[in-house]
Structures are given as structure tokens and as C-alpha cells.
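Trainee: If you're matching them up, the sequences are chains C and E in order.
The opening residue of the first sequence carries number 739 in our numbering; numbering runs sequentially from there.
The opening residue of the second sequence carries number -11 in our numbering; numbering runs sequentially from there.
By construction, these hints were calculated from the structure, which means they are not laboratory data.
Given the structure is predicted, the values throughout are model-derived calculations rather than measurements.
Be aware that a few hints might be false.
[Stated by the list, open to error] Beta-carbon label-pair distances, calculated as ranges:
{"id": "1", "chain 1": "E", "residue 1": "Asn71", "chain 2": "C", "residue 2": "Leu1361", "range": "21 to 29 angstroms"}
{"id": "2", "chain 1": "E", "residue 1": "Asn71", "chain 2": "C", "residue 2": "Gly1348", "range": "30 to 38 angstroms"}
{"id": "3", "chain 1": "C", "residue 1": "Thr1356", "chain 2": "E", "residue 2": "Pro198", "range": "31 to 39 angstroms"}
{"id": "4", "chain 1": "E", "residue 1": "Val131", "chain 2": "C", "residue 2": "Pro1310", "range": "55 to 63 angstroms"}
[Unchecked claim] Dumping the calculated DSS-like pairs for lysine-lysine here, alpha-carbon to alpha-carbon at most 27 angstroms:
{"id": "5", "chain 1": "C", "residue 1": "Lys1263", "chain 2": "E", "residue 2": "Lys(-7)"}
{"id": "6", "chain 1": "E", "residue 1": "Lys211", "chain 2": "E", "residue 2": "Lys174"}
{"id": "7", "chain 1": "C", "residue 1": "Lys1216", "chain 2": "C", "residue 2": "Lys1206"}
{"id": "8", "chain 1": "E", "residue 1": "Lys174", "chain 2": "C", "residue 2": "Lys1263"}
{"id": "9", "chain 1": "C", "residue 1": "Lys1263", "chain 2": "C", "residue 2": "Lys1366"}
{"id": "10", "chain 1": "C", "residue 1": "Lys1366", "chain 2": "E", "residue 2": "Lys(-7)"}
We put the beta carbon where it would ideally sit given N, CA and C, even for glycine.
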Amino acid sequence: MQSIQENTFTEPISPSIVTAENKATLGSEIESTRWGWFPAIALLDAFALMMTATAYTLQRNSSQWGAVLFWVSLLIIFVPIAYRLLSSSIARRERVGLVVVLGLALYLVKILHSPLDFTFYDEFLHWNTTNHIIQSGRLFTDNTISPVSSLYPGLEIITSAFANMSGLSVVESGIIILGIGRIALMLGLYLFYERITTSAQIGGVAAILYAANSNFIFFDSQFSYESLSLPIALTLLFWVAYANRKPLRNFVQHILLMLPLIAALTITHHLTSYVIVGILALWAVVAFFKNRKSGDWLHLGVIALITFAIVFGWSKYVGNTTNAYLEPVIRNGVNEFSGLIMDENHGRELFRGSNGQVSPLWERVVGIGAVVLILVILPFGLFEIVRSPFQQSFLGKRINRLRYGLLQSWQRYRNNALAFTLAIMVLLYPLMQGFRLTSSGWEIANRSSEFLFWAIAFVLTIGFFSLKGIPFIRPIWKVAFVVCASVIFLGGTISGWPPWARLPGTYLVSADTRSIEPEGISAAKWAGDYLSPNSRISADRINTLLLAVYGNLRPVTHLADDTYLSSVFFAPVIGNNERELMSRVDLKYIFVDRRLSTSLPLVGVYFEGGEPNDNEYTEPIPLASLEKFDHVANVDEVFNDGTISIYDVSRLHVNP
Amino acid sequence: MLTRKPIQLLIIAVVTLVAAAIILLDINIPLVRPLLTLFLILAVGHTTLLAWGNHLALRGVVRVLMTIMLGITLVMVSGFILNFSTWGLVTRTWVFFIAAIIFFNSLVALLRKQTASDVPTTSIQTWKLELNARQFILLALAVVVTGASFIVARNGAFTEPTAQFSQFWMVPDTTVNTSQAVVGVKNEEQQPLTYRVVVMQGTNVLQEFPSISLAPNETWQTKYDLAAVTDTTVPVEAVLYRGDDQTEPYRTVNLWLQ
């Protein structure tokens, strides 16, 4: 029996579905063990990364060419691989190599952005947890800038283990761990899609289309728990698909190897574990209705139940603040979306930032074009999957007009519950685009991208391949695919990360990565050296991160202390209200950054979500409000570098 | 007949011991220690498959994926377990725990009944890269160019134009004597500068430090005894003058005495 090379599958492909059309292709895949274009493309991608590094350097020196070079380098990374993977005659190992190179190259695009230290907002949250674990040797420490991070310490556990044993810093260890995770993610994606379709070609193409999701380059490459949860989740999904048809004895053994994956996923990221439970449950239900006799639904149901029990148990007994963390985001998004439908609000203006800056025209065209392309091509893929059970029926034969490449789709999908499950997931995509029209719901839509794209990449690939059968498309199909895939890839990158954050550059007010700079870091380090450890200090959004990580202090936050201190900064004078607030949280120090008064906050808030004028600022915070502590009796100004001042406000507390 | 699996397990055991020794003795050899740490994590996954999953006949890419992810996830779960131990998550306990997993799995793998299908299909010894010289050179160049891109990015970050500033501070000295204050300056102006520091209360000059020369990134610090200062209605102020302008205060800090 022939089988796809490297004997990944223990069961051979049925000869009944090896047609004359695909036999030569299978044979060439089996016989060819060459690496093909892989080494050359790897070198090309390396030069593209050099271009990216140059783009970042140019941007740091305020050159206009930085952005141009950046986008060109992304295309150089993506396009040759997309084109090459369309070939039906390349070796499987070359496909795997190209998929991994794409994933790694795009990961390094993010690393080159911040080559010295972590600079993204979420990275500081998890960096802080990792530092606490290393310092205390214990989990579940008090992380005031992100209490939920301490409750899902999977990434921090492995990173602290690596840092402890290797002697490397947390930053270096985190980059290595997530780099390995990225390799595993690409392998998992490839194997997962190949498993569903029994096609190495489709496996490769779908895997690289996943890289087109809006969070692939930046959000899911950062040192954050979701970045490591995704490869664990994909590996689990693949393993379930791999184990599903095994005899019972083997199936039990496969489940035993699944348990560490489930446990690790549970303790790594809440949202990913909830999504996996949902997918497994849906898959089991679909399997029950589609193919009851095979008994797959029973295996899937057992796995779903085990996963649910572990995830629910952790969420209830350990991660019990997760709902408080996730629920406001979902509630606000749903409320605003329903208000938009009911014409009660105007929604969010696309491609306009909080500071009023509008994205360039080409970005708007490509961003919307990507969504349109996906919405146009998805129905073709859905049609292929859904019609497959009826292919041999009288009506099915009459409407059979579309055929493509390697193996006939109806053979693949007619009993394939997983394919149907992914097809159902895809239906959420149009709904999510509606959420993008709202300010609160944008977060839901964006954060769903990396999960929905597990399904979208698959159905899109099926759709693309089905279009190959249309006569007027066939001659230009390869070029058309590469162009469309590139638009989707660029559009995803555009919509997932704001323009001011994609490349490094000069300081911007309350702009996450663009606000991390030497002066703030130096002040935070000074605070760590000269102020008492774990001193309670209040600062703006960015300096709070720096004080926690570089200063090892204890920032006061709404998340941890259930108190907003932003009014203390905004108030023109220190009154009883402000004194009472500071007393309530036993505040010792106030950290004032005068640069806040020079501009509107780019992310919409200076301090924390929920502060006065949250996302509705029309003027910067007044300098006089920030400088009021200079003139208050019994307030010590202990530090001043011209921009940043630190005040000891412990003697302002209201006496009980 | 001596099969390949015992040799493989022996190599893993020896390297594990070497890695453990280097880590526990805190020997810092660049690149070697991180590589050995990586080896330990992957060895957890590999030996787990050898011990508990070898009969599943996982090969190629699937084997690579499961080795990586089992290694990472089992280390995570180990950390969770170590949290409940007396010793916690410190270097020593990590090394012992991970080594114990590797040795235990290796022992199980060794003792498990060897079948004809076991021996040749454990993935590592059957891997053949099948790279010719040209392809190898291309890949090596890819690694070199990627490394060079890191150097370009890091240089760009180091040489990025940044703000120039001087840090100035006065904090109560909590280490010895509570009537003392620590006064200090750090030069972050990216050029050598001379400063003058004046400690005063109201218009009364308490102490002057007339000529403080600092190179870039250099710090000057001193302790000043405030025991003689009795007026608590006016703060003690420290004023920093920058060498090129001795008339206009450059920075001020203050302390209110209790």
C-alpha cells in the first residue's frame, strides 16, 4: 500500500481514492526526498530579516523609508513560500521546512523590533510574574499589574526553569522558549491540516494561510501566555485527530499522552483552554450526527469531558478572577454591538486611532480588501465541505462542476466530522467583523482571530483549491492565489496592530511599546535601588509597568486594589477626596511623568481603563495638575530628572 | 544482541549528568549551558515517548512535535508539583526533578520488552538530513545572515537618539541614621559635565558641593546630616546647578522634616 512519505500515517491511503490524476503526484512525493527550494528560500528570508532590521533602524532615526522597507520585507518572506507550496510535486520535508521557516521568520520580525528587552505592554505583565517566581521560588505570587497572570503561570514556569538552569536572563529565556513554541506551532498546524485532508499540499498551504491572522506577527509572538498556549492547543487538536480512529487500547494510551498537554494548556491560558473545550465538544456533537456508527463521537466525548473537567476545575478553584477579567470586555463589546444594530450609537470609525490619526489609504484598501477576499472565498470552501456527503447522490452528480488537484474532496470530507466542525466555526467570522465596528467589541473581534483562523485557513484553502477547477481561473490560478493570500496576509497585519506600534520610533505618550524608553527605565531602576522594596507607588499606565519590572516595587492598580487613583493626578489641587483615596490604598509614592501633558494618550487612557474621559480625551492632561505636588506641604520630592518626579505622599493620608 | 536503544539511553543519561553537574556547579560556559538546558527539556519529551509511547510508532515530524511539546508541558506540570514541595522552584530542585524524570523514563524504556519494531524506528537514529554541500552552505549562510540582522537591530536600538537628562535625588537614609539624607546626581546627558549642589533651607545655605565632575553614566552621591536642622515648617531643599549655567537651578528636590 502506498502511503505519504515518512510514514506519518500508520494507515495507508485507500486505493479507491488514488485516481489517475493524483497517482503520479503521490509517487513523486514518495520518491522525492529532496529539500528543493528550501535552503534558497531560507537564505532569502534571512536577507528579508536583514531588511526588516534595517527598516527598524531607519525608523528609529525618523526616516520615511523604514515603513516601506518593512512591508517589502514581509512580502519577501511570505510570497516565495506561498508560491512554492502550491506546487504539487515537491517533497513533504520541503513543505514542512518552508512552513517552519515562515513561522520562524515572522517570529523574528517581532524579536528584531525589540532586540534589547521586552517592550510590549502584555510582556511586562508576564515578565513581572516570572521575576516573582524566580525571586520567591513559588507560584501564585501577588502581581498587581496582572493578577490573572499569576493564576495561569504555565509560560512563566517553563521560562523561569530555563532561566534558572541556563543562567540566561528572563528576556533571553522567554525568546528561546517562544521560538521553540513557534516551531511547534507551525509543525502542529501543518500536521493538523494534513491529517484532516490527507494532503501534504493542502496541509502546507493552510498552515501558511494561518499566518495571515491579524495577531500572528506581533500579538502571538510576544512574551505572553497566549503565545505559548497556541502551540499546546494545536498539538492537542492534532493529537486528538491522530488518536481518534485508533483501537481502544491504543486510544487509552494516546489519552495518557494527551493529559500533560491538557494540564499544561489549562495552567497556561484561560481563553485558549475555553476555546479548546468548545471545539472538542462541538466536534463530538458533529461526529455524533455525522458518523455515529464509527464510534468517534464517544472517543471525542470522553476527551472533551476530561478537558472540560480539568479546565473547569482550575477556573473555579484557582483562576477564579478570570471572569472578572474577561466579563467586562465581553459585556461592553456585546452591549455596544447591539447598540450599533439598534442605531443607538455610531460605532467606531475604522482605521482612526484614539489620537485622531488616520491610516494611509493603501492600508485601508488592503485591510478591507483582505476581509472582502475572505468573505468571498470562504463560501467556496464551505460548499466543498458541506456538499461532500451528497456527491454520489443524483443531485450531487448533476451539480458537480468543481474538481481540484490531489484527492477528490468528497472522499475526504464525506465522513469527516472535524472538517464539518471547522466549517461551522467559520460561520462566526462575519459576526466578528461586525464587532470590529465598535470600540469595545474590536478587542473581541481581534482576539478571536487566532482561534477562528484555525478554521478559516482550512476552509479558505479548500475554497482556493476548488476555484482551480473553474476554466477561466485555472491558467492564472497560482498567481491569483499568491496575490490574494498576500493581500489577506498584509491586511491581517494591518488590522491587528496599530501603525504607530508596528515599527520602533521616538517616544509617544501612553503608546505602549513607543513609550518604553531609557529615561523611564532609568527612573524605575533608581526607584528600585533607593525606595523600600515593595513600596506602594502610583504611576501612569506605562511607568507602572516599568516600576513593577525594573523597580521591583508594588504599583497600586485598580485590578489589584479595586481603587482608581487617576483622579489624584487629574485634580488641580489635593483635596480631601484625593487624600482619602491615597489613604485607602496606603500609598507611599506618586510617580509623575510630565510628558503626559504634551499629547493625547495614543491608547486612549493615561492610567487605566475606567479613568475620567477614558477614550474621550480632547485635550492632554494639564501640566499644572501634574506639577501640583511641588507646592504641597509635607510632600517630599525625592527624585527629579526634569521630566519625571517621584513624591513621598505618605504624610498626606487622612487620619482615621 | 546489543540494540541501539540502550546506547541511545546511555548517551542521554551521560549528557544529563554532565548538564546537571554544570548547572549545579554554576559553571558559565557561553552557549553550552543554555544548549544543555534545552537538551534537558527535550530529553524529557524524548524519553517519555521512548518509555510510554514507543509502541505507537511515531516517526518523523509527528515525533519531533510530540518530543518538543511533551518536554515543555511536562516541565510545566513539574513546576506545578514543585510548588507544593518544601524547596520550591529553584535551580537545584529543577535539575534534580528533571533529571529524575529522564532517568526514570530511561529505565522504563530500557526495561520494556524490546520487539523487532522498537529498535529501528526510534526516530533519531533513522533521521537523515540528505543535504548536499550546496544546500548546507545555503542554510549556513541563512543562519549567519539572520545573526547579522540581530546585530543590525541591536545596534540600531543602542544608537537610537534618546533624551539627555540628569537624575537628582535626596532621600532619607534608612540604613543607619534616620537624620541623614542621601543626596546624589547621575549624569545621563551623554557628555561629561560639571555640577554644583547646594543644600539649603529657605534662603539659608546649609552645605555646598561646588564642583562635581561626572563622565556620562557616572554617579556622585553623599550623605548629609540633617540633625542640626530644627525648623520643620520649611522643607530642606537640594538644588542642582549644571556646569554651563551656574545661576539658574537645573533640578530641585526637597525633604520635609518631621
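Trainee: Take the hints in turn and mark each one as holding or not.
Mentor: Taking the hints in turn, this is what the structure says about them:
In this structure the supplied range 21 to 29 angstroms is violated for Asn71 (chain E) paired with Leu1361 (chain C), their Cβ-Cβ distance being about 47 angstroms. With their beta carbons about 33 angstroms apart, Asn71 (chain E) and Gly1348 (chain C) fall inside the hinted range of 30 to 38 angstroms. Range check, Thr1356 (chain C) to Pro198 (chain E): about 49 angstroms between beta-carbon atoms, so the 31 to 39 angstroms window is missed. Between Val131 (chain E) and Pro1310 (chain C) the Cβ separation comes to about 59 angstroms, which falls inside the hinted range of 55 to 63 angstroms.
Distance restraint check for Lys1263 (chain C) and Lys(-7) (chain E): the Cα-Cα separation of roughly 52 angstroms exceeds the 27 angstroms cut-off, and the hinted pair is therefore not satisfied. Between the alpha carbons of Lys211 (chain E) and Lys174 (chain E) the distance comes to roughly 15 angstroms, so the proposed pair stays at or under 27 angstroms and holds. As the CA atoms of Lys1216 (chain C) and Lys1206 (chain C) are separated by approximately 9 angstroms, the hinted pair is consistent with the 27 angstroms bound. As the CA atoms of Lys174 (chain E) and Lys1263 (chain C) are separated by approximately 12 angstroms, the hinted pair is consistent with the 27 angstroms bound.
Taken as a hint, the Lys1263 (chain C) and Lys1366 (chain C) pair is honoured in the structure, with Cα atoms around 24 angstroms apart against an allowance of 27 angstroms. Between Lys1366 (chain C) and Lys(-7) (chain E) the alpha-carbon distance is near 73 angstroms, which puts this suggested pair outside the 27 angstroms criterion.
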